[in-house]
Each structure stands twice: as structure tokens, then as C-alpha cells.
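A.B. asks: Residue strings, one per chain:
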Amino acid sequence: MTKENIGEKIRISARRIGAIFSSTALGWIRTGPALFFTFIYPIVMILLFGYIFGAAPDDSMYTLYYLNEDTYQVDDQLYSNNPALLLLQNLGLENETLSDELNLRLVDANFSTAILSPENWTKENDVPYLLLIPSGWSAAVNESKTNVTAPKANIEFYYDPSYTSYFEIQSLVDNVLQELNLNEFGIPTLIAIETTTTPERQSLDYIDFYVPGIIMVTISTAGMMGLVGMATEERQTGFIFKLAATPIKKWEWATAHLFWQAVMGLMVAVLTVLTGWIAFDFNMTTIHPLMIPILIFGSMTFGGLGLIIARFVKRPEAAMAATMSFVFPQMFLSGALFPPETLPEYLQIIAKFFPLYYISEAMRSVMLESTFSNVWVPLGVTIAMGIVFFILGSILTVWRKE
Amino acid sequence: MKEEYAIVIKNLVKKYDDLIAVNDISFKIKIGEIFAFLGPNGAGKTTTVEILEGIRKKTSGQAFVLGLNIDKRKDLEKIKKIIGTLPQEFNTHENLTVKENLRFWSRMYAYSLPVDDLIALVKLEEKTKAKFKNLSGGLKKRLGIAISLVNDPELVFLDEPTTGLDPRARRETWEVIEGLKSQGKTVFLTTHYMEEAQVLADTVAIIHKGKIMDIGSPTQLIDRHGGENRIVVRCNDQETRDKIHDLLFNFGPLENEDGDIVISSKKGALSKVVDLLDENEVAYSDIITQRPTLEDVFLSLTGEILIIDEKSVED
Ligand SMILES: Nc1ncnc2c1ncn2[C@@H]1O[C@H](COP(=O)(O)OP(=O)(O)OP(=O)(O)O)[C@@H](O)[C@H]1O
Ligand SMILES: [Mg+2]
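Those sequence lines, one after another, are chains U and A.
Note that our numbering has the first sequence beginning at 185, numbered continuously upward.
Note that our numbering has the second sequence beginning at 7, numbered continuously upward.
I should point out that these hints are in silico values taken from the structure, not numbers from a laboratory.
As the structure is a computational prediction, the values presented were derived from the model and not from experiment.
A virtual CB, placed ideally from N, CA and C, is assigned to each residue, including glycine.
Some hints here could point you the wrong way.
Said to hold, decoys possible - Incomplete in silico selection of chain A near chain U, CB under 7 Å:
hint : residue
1    : I61
2    : K63
3    : K64
4    : G67
5    : T91
6    : P93
7    : N97
8    : H99
9    : N101
10   : K105
11   : M114
12   : Y117
13   : L119
14   : E181
To be verified - Restraint ranges, calculated between C-beta atoms of paired labels, are given here:
hint : chain 1 : residue 1 : chain 2 : residue 2 : range
15   : A       : N29       : U       : A505      : 57 to 63 Å
16   : A       : A136      : U       : K585      : 26 to 32 Å
17   : A       : T169      : U       : A505      : 56 to 62 Å
18   : U       : Y235      : A       : P120      : 56 to 62 Å
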């Protein structure tokens with residue numbers, strides 16, 4: 185084959201791919217609803233996930249009511265001799281002060297247990313937590329400093345377990361008590377836990393985790409649905425068979441459609457990032473050029489999968505149902521929206537069978553310098569899947585009626 | 007080697023499960039002729055055409071299109087470059103205009119005709135900016151015909167090109183098809199309008215239940231199966247009708263669906279009939295002789311009536 189021949193072939197192929205691509209784009213632009221739903225989906229997702237899982241724990245403030253019934257009067261000036269005041273100081277200083285660790289506000293409950301039980305008070309005032317320092321507590325503490333056989337001096341913590349944050353408050357109080365034990369009363373804590381956030385997600389906020397996840401979920405869903413819908417519809421209207429009677433090759437047709445999916449994917453990505461940035465302060469520095477090949481090969485993977493489904497399930501409604509039954513579990517299991525480590529072990533194994541697992545893994549790895557070196561394996565898998573599913577999708581597509 | 011035949015079919019069979027849609031048919035179509043596949047619904051026309059276009063699997067048999075074997079991949083690739091197709095259910099991009107759609111299809115080929123010429127050919131100049139989904143059924147068909155010609159094909163398959171068209175549009179389409187012939191193209195058309203086959207076709211194959219009943223020029227088919235010419239006596243009222251019926255009893259009179267009396271036209275019959283009616287002062291409105299049509303051919307070949315052509319298609 186001569187050089188001109190090859191050049192001519194490439195030119196003709198490019199012309200056909202361009203024709204399908206541009207007619208698809210034009211048709212799509214001219215159908216309002218398609219335009220709207222393609223873009224509204226990731227926006228709704230990001231707002232939903234951002235508010236439900238992201239923003240809440242960071243911004244909200246907890247209020248801890250306390251009641252100090254201790255009336256220890258000896259040497260008031262010295263906190264060290266007044267354990268009750270010492271405890272309150274360590275918890276967040278005296279009345280109505282902020283503790284910076286947890287956005288904790290201390291408020292004096294200011295009632296008398298002689299009149300109302302703490303359970304009833306919390307119920308009546310709709311208060312989730314109450315810390316109660318019982319009368320005589322400081323004396324009991326000081327007693328136990330010198331007398332090891334004295335009973336333990338306890339404070340009381342009342343909480344409503346339907347508030348999931350009780351655990352964090354309780355831990356905080358617990359920590360403060362431990363510190364007091366050690367520092368003020370000289371009772372050594374033999375073992376303790378030391379917590380440090382790991383470098384992996386060190387500077388990743390919730391939103392930084394969800395933005396790439398939602399981009400990939402949208403691309404996988406839209407990519408598969410898009411190609412399944414297109415392929416089954418073209419078969420139903422007979423368009424595909426009219427096309428099959430022209431010289432176009434299946435791979436040219438598939439390339440045009442997958443290319444279109446990739447372009448849509450890029451648009452979705454840009455839109456999602458912008459929404460995340462405007463609404464939740466998404467950290468733009470996590471954007472990396474390697475995300476583009478991930479998007480492209482990701483789109484190829486899901487487009488190819490869509491073609492394969494459309495090949496075997498010919499009725500449009502059935503094909504859509506088949507796609508949904510793949511897309512939904514993938515969305516929740518693949519780690520795109522929830523860290524896969526939180527899943528039961530057997531689900532973690534299943535997760536690895538979903539292409540989205542590797543693609544979102546790759547996507548997240550490139551976001552941070554500290555995890556960047558982990559990108560190569562999932563990126564390699566993503567590229568390989570893109571190529572394999574694209575080829576399988578085009579080969580398996582049938583353009584001849586039975 | 008110059009090919010003499012545009013299409014050669016040998017023992018072609020197509021089965022859908024237990025239904026035999028095309029039952030061992032063989033025939034040839036000469037280059038440059040208009041060939042009409044005439045048959046009722048479900049006869050197997052579309053099935054045959056789609057097999058020839060390479061978009062439907064056959065069960066057995068052989069077929070050659072412009073000397074190329076449809077079973078060979080390389081040959082099929084060449085076939086697709088030099089044929090044009092109008093599917094029976096033609097669809098193209100809904101939201102694209104007439105012109106955009108034509109441009110789309112012409113970009114499938116390495117070589118294509120100017121889009122504006124094709125628009126002029128099917129008289130769609132007024133509609134170039136209309137979206138496909140907003141065209142009437144007839145206009146969609148016309149666009150489909152234009153699209154079947156974008157690559158200036160040597161052979162055009164037109165599957166029911168005039169079904170659903172009004173008489174005027176049908177005539178215009180016939181002109182387009184005749185124009186194709188004058189350019190030296192071969193046309194393979196399917197139809198259930200016997201008039202269409204009679205007017206356009208050089209060769210007609212009558213297909214019924216997957217079998218070719220006979221094949222030949224319209225004249226040949228009529229000579230073979232049409233029977234004799236007929237004399238039709240037109241009359242307006244039942245009294246006259248009964249009177250004519252009685253007078254012509256020896257000629258074996260029949261009545262057609264218009265209420266005319268029809269007898270077969272043996273030698274000298276016409277003058278006898280005219281004399282007889284005049285002698286008895288019968289007030290008939292007209293008397294004409296009719297050649298048998300493909301309709302009669304079909305009736306005699308299959309024992310069934312093909313289709314009553316719409317009344318709107320008159321001479
Ligand atoms: N995909 C299919 N599966 C099963 N049977 C089919 C299929 N396509 C066509 N048939 C049957 O094969 C027979 C021939 O159909 P075909 O479409 O070739 O007829 P046709 O001559 O084109 O009819 P029409 O004038 O209605 O278009 C019919 O009985 C039809 O029901
Ligand atoms: Mg048909």
C-alpha cells in the first residue's frame with residue numbers, strides 16, 4: 185500500500201468520524217431536555233453529597249451543658265485544689281467559652297437536681313448532653329489523692345443516644361479526665377492512643393473526595409446509558425442498518441460516539457469542579473493534567489461496556505434496565521463515593537470487579553502529591569480497560585440483521 | 007471483464023425460524039434496467055433486498071452484486087461503495103435539517119455528488135432548512151431517495167419508494183427513477199403497485215410467499231398470464247346493467263367493482279357487441295377495450311388479488 189493510499193484512508197475515516205460526531209453533537213444541542221439533564225445530574229449530586237456528607241461535621245457547633253453541684257470552698261484561688269473548676273477550665277474554660285478542638289461551647293445548665301432530675305431536665309429542655317459534677321466531687325477527688333483505698337470519684341454524663349455526635353463529646357470529656365488524672369493528680373496513664381491523620385487524605389476535605397468521585401460516577405452512568413440508548417435506538421429506527429449499507433466501518437462509528445462521550449465527560453468534569461469550588465471551596469490545586477487521559481479512557485471503558493450490553497440486550501427498555509443494574513451497585517461499591525475500606529471484606533472483593541474502582545482510584549491518586557506515586561497501577565488498568573472495552577464494543581456490535 | 011448483470015441470485019433461501027420468507031429464488035438483473043419486485047405484504051421483497059445490500063444474513067444460496075460476491079468481505083466492502091439504498095422504513099437524524107442530513111450521508115463516501123443538485127432533483131429546495139422530524143411522510147421518502155443517490159451509485163435499491171405518496175408526488179418520483187435509468191444506473195425497486203411496475207419496469211418479477219411466480223417484461227408477463235383483452239361496457243343504472251347482462255349472455259359477462267360489464271374480447275367481438283347494443287337501443291355510457299394488466303397476471307398466477315391501486319392514481 186502506498187503512502188498516499190494510507191493518507192487518503194485516514195482522511196476518509198476522519199471525515200466519517202467527524203460526520204457522526206458533529207451530527208450527534210448538533211442533534212444533542214437541539215434537544216433541550218438532553219442538554220439539561222446531562223448537566224443537572226452532576227450538579228445535583230455534588231450539592232447533595234456535599235451537604236449531606238461533607239459540610240455538616242466541619243461547620244456545626246456542639247453545645248455541652250454542665251451543672252456544677254460541687255461546692256468545694258477551700259482555697260478557691262487555686263484551681264489545682266479545686267478539681268471541679270479545673271475540669272471545666274480544661275474542657276473549654278469557664279462559662280460559655282469555645283474549645284477549638286471541637287467547636288464546643290460550654291453552657292451552665294443552672295438548675296437544681298433537688299427540684300428536677302437531670303434526665304427530666306434534658307428532656308424538658310431538649311438538650312442532648314449534660315455533664316454533671318456531683319456535690320462533694322472535689323472533696324472526693326482530693327481524698328483519693330492521699331488515700332488509695334477511697335472510692336473512685338466520678339462525674340456524670342447524660343446523653344441522648346439518638347444524637348450520633350454523643351460519642352465525640354464523650355471522648356472529649358474522657359480525654360480531659362485522663363489528662364487531669366495524669367497531670368494534676370499524678371496517676372499515670374499507662375497506655376493511651378495517639379492519633380495522627382494519615383498523609384493519604386491529609387489535606388483532603390470531604391468535598392475534595394467527592395468531586396472526582398461524582399465526576400467519575402456521572403461519566404460512567406452517562407457513558408453507559410448514552411451508548412446503550414443510542415445503539416438500541418439506532419437499531420430500532422433502522423438508522424444503523426442504513427449506515428451499515430454505506431462504506432463506514434464499525435470502529436469509525438464507535439470511535440465517533442466514544443469521542444463524543446469523552447467530550448461530554450470533560451464538560452461534566454468542568455461543571456462539577458466549578459460547582460464544587462463555588463459551593464464548597466473545592467481545592468482546585470488538586471486538578472492535574474493526568475485527569476484528562478483518565479477521563480478519556482474512562483469514557484471509552486463505559487462506552488464500550490454500553491455497546492456490549494446493547495449487543496446482547498436488544499430491546500431498549502430491557503437494555504436500560506440491564507445498564508441500571510450494573511450502574512447502581514457500581515456507584516456504591518466501587519469506592520467512588522464512599523471509601524472502599526469501609527465496606528465489608530467480601531464487598532471489597534466485589535468492588536474490584538467494577539471498572540469504576542480503578543478509575544476513581546486513579547483519579548484520587550493524582551489529586552495529592554503524597555499519593556501521586558500510587559497512580560500508575562490504576563491508571564494502567566484504566567488505559568487497558570479503555571482499549572479492551574472499546575475494541576470489544578466495536579467488534580461485538582452487529583450491523584447485520586438475523 | 008465487463009459485467010452484463012447487475013445482480014445474479016442463485017437458489018437464495020431465507021428462513022426465520024420455521025417461516026421460509028425467501029424460498030429458493032434465482033434470477034438475474036441486467037445492468038442499466040429498472041427491475042421491479044412486485045408482490046403483496048410479506049412476500050419476501052424487503053428480505054431479499056436486505057440480503058443483497060449486505061445487511062441481512064441469508065440462510066443459503068448465492069448472490070452477486072455488480073459481479074461481486076456478497077459472501078466475501080472484501081467484495082461486500084466494494085459493493086457498499088457503489089450501491090445506494092432507500093430502506094422501506096427510512097430514518098435519519100431527527101433534529102438535523104434536510105441539507106444537514108444530506109451532507110451527513112455524503113460524508114460517508116469518498117466521493118459524493120453536490121448536495122444542492124440532489125435537493126433539486128427531488129424538488130426539496132423549499133425545505134432545505136426543515137428538520138427531518140418535521141417533514142411529512144412523503145417528503146421524508148423524497149429525502150430518502152436523494153440520500154440513496156449521494157454517492158452517485160451504479161445500482162440503487164429502492165424499497166417501496168412511492169408507498170404513502172400522493173399521486174402527484176408518485177409521478178414525480180417515477181420521473182426521478184426514469185432519470186436514473188437514463189443516466190445508465192440500474193434500479194432495483196420493490197412495490198405493491200402494479201401500475202408502478204407496469205409504467206417503470208423493464209423487467210418485473212412477481213414474488214408471492216417467498217417464491218418467484220414469473221419474471222419478464224410487463225408485456226411478456228401479460229401475454230403469458232394476462233388472458234385476452236377485455237371489452238368494458240360502462241353504464242349508470244341497474245336497469246341498463248341488467249339489460250346489457252341479458253343481451254351479452256353468450257359472451258359470459260362479468261361485473262367489475264365499478265358496476266361495469268366486462269367480457270373477454272375475442273376476434274370480432276367488439277363490433278358484434280356494439281351492433282347488438284345499438285340494435286336494442288341500450289343507453290350505455292361508454293364502451294372501451296382494455297388490455298389485461300399486471301393485476302390480472304398476479305391474479306392468474308396466485309389466485310389472489312394483489313392490491314387495488316388507490317383511486318387517486320388515474321390515467
Ligand atoms: N426479523 C424477522 N423475523 C421473523 N420473521 C420475519 C422477520 N422479518 C420479516 N419476517 C417475515 O418474513 C416474511 C417476508 O417479510 P418481508 O419484510 O421480506 O416482506 P415484504 O415483501 O417486504 O413485505 P412488505 O410489502 O410488507 O414490506 C413476512 O412473513 C414477515 O413476517
Ligand atoms: Mg418490505
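A.B. asks: Confirm or reject each hint.
C.D. replies: So, going through the hints one by one against the coordinates:
1. I61: Holds - the Cβ of I61 (chain A) comes within 7 Å of chain U, reaching about 5 Å at its closest.
2. K63: With a minimum Cβ separation of about 6 Å from chain U (threshold 7 Å), the hint on K63 (chain A) holds.
3. K64: 10 Å, violated
4. G67: 16 Å, violated
5. T91: Holds, about 4 Å.
6. P93: Interface hint status for P93 (chain A): holds (5 Å vs cutoff 7 Å).
7. N97: 4 Å, holds
8. H99: Holds. Min distance 5 Å.
9. N101: Check passed: Cβ of N101 (chain A) comes within 4 Å of chain U, closer than 7 Å.
10. K105: 12 Å, violated
11. M114: Hint on M114 (chain A): holds, closest Cβ of chain U at ~4 Å, below 7 Å.
12. Y117: 10 Å, violated
13. L119: 14 Å, violated
14. E181: 24 Å, violated
15. A:N29 with U:A505: 57 to 63 Å: 38 Å, violated
16. A:A136 with U:K585: 26 to 32 Å: 30 Å, holds
17. A:T169 with U:A505: 56 to 62 Å: This hint is violated: roughly 35 Å between Cβ atoms.
18. U:Y235 with A:P120: 56 to 62 Å: Roughly 57 Å apart at Cβ, these two residues keep to the hinted range, so it holds.
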